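J.: Sequence:
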Amino acid sequence: MSFNDDLHTLTLSQDGSFTAYSKEYDEHYHSTRDGALHESLTKHVLPAFLHVKSKNEVNILDICYGLGFNTLVTILHYKKYAPQMKVNIYSPELDASLIKSLINFEYPAEFESLKKIIEALSSKGIYKDENFYIELFVGDAREYVKKFENKFDIVYQDAFSPSSNPVLWTQEYFSDIKKCMKNDAIVTTYSIALKTRLALHVNGFNIYINSGDDYRDATVASCIALENYKSVDMEHKIACNPDIRPLSDEEFFNLALSP
1 MSFNDDLHTL TLSQDGSFTA YSKEYDEHYH STRDGALHES LTKHVLPAFL
51 HVKSKNEVNI LDICYGLGFN TLVTILHYKK YAPQMKVNIY SPELDASLIK
101 SLINFEYPAE FESLKKIIEA LSSKGIYKDE NFYIELFVGD AREYVKKFEN
151 KFDIVYQDAF SPSSNPVLWT QEYFSDIKKC MKNDAIVTTY SIALKTRLAL
201 HVNGFNIYIN SGDDYRDATV ASCIALENYK SVDMEHKIAC NPDIRPLSDE
251 EFFNLALSP
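Per the UniProt record's numbering: the sequence shown ends with 259, consecutive numbering throughout.
Source of the hints: derived by calculation from the structure; they are not laboratory data.
In this text, all values refer to a predicted model and were calculated from it rather than measured experimentally.
Every residue gets a Cβ at the ideal spot worked out from N, C-alpha and C, and that includes glycine.
Where hints are given, some of them may not hold.
[To be verified] Okay, the calculated beta carbon distance ranges per label pair:
(1) TYR133 with ILE192: 40 to 48 Å
(2) GLU24 with GLU235: 32 to 40 Å
(3) ASP213 with ARG245: 28 to 36 Å
(4) ALA239 with THR9: 21 to 29 Å
(5) ASP5 with ASP140: 18 to 26 Å
(6) ALA239 with SER97: 40 to 48 Å
(7) LYS23 with LEU50: 33 to 41 Å
(8) ARG245 with ALA109: 42 to 50 Å
(9) LEU50 with GLU135: 19 to 27 Å
(10) SER2 with ASN241: 41 to 49 Å
(11) LYS147 with LEU50: 24 to 32 Å
(12) LYS100 with ASN241: 42 to 50 Å
My request is simple: use the sequences and hints to build the entire structure.
T.: Below, the structure is given as structure tokens:
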């Protein structure tokens, strides 16, 4: 099985790593401008690692697995900077054929040492060793997250965009995400859309800007106060946009059921 098929097209991103274009969702899996590898590192792995680096064990929810960059960059980073830490990663992915085809994906040279892990995840959907446990779930992410309660230290919210895949960005979805997180957990996401931030805000999350010189702004959210990020004044945002509402299950599931 080759990677390129009727639904995916390999695309070179700005940092020299390949991502892919999904014809089904009409989007790339990563920002081609920020770069696939660089985006995973700066918008997810680094901010999350800084939050949990003093822990002995961390549980990570990677929504969704996609091409696997967030999970694989996490493994590389923790191997180098926290080799003593136990890391458990749980990741749903709707597309089973995509997972199987990743054994032939053109990953960056940095992932060469992870070839055994990539092969195991592609063929069996699971990998474990002394420091890492990785579990892929083929199916609906909305149902998968309901299996967990007070479990995760980190949530990588990296689904296709709210416009393409809205059911993974609603206020009800983030309510379920909150239930499966520990009280001091952190959510990272590339989305800075006001509706995304509002869906988090109405569930009691504090909203912060993740910014840097070499990538576009992203969002960090947590139910506890964070000191290393600039806070987003959501009350001001709401006052300036009085008609804004978070995405909701009702509007999308009713639309799906309508004739």
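J.: List in ascending order the numbers of the hints, as given earlier, that are violated by the structure.
T.: 1, 4
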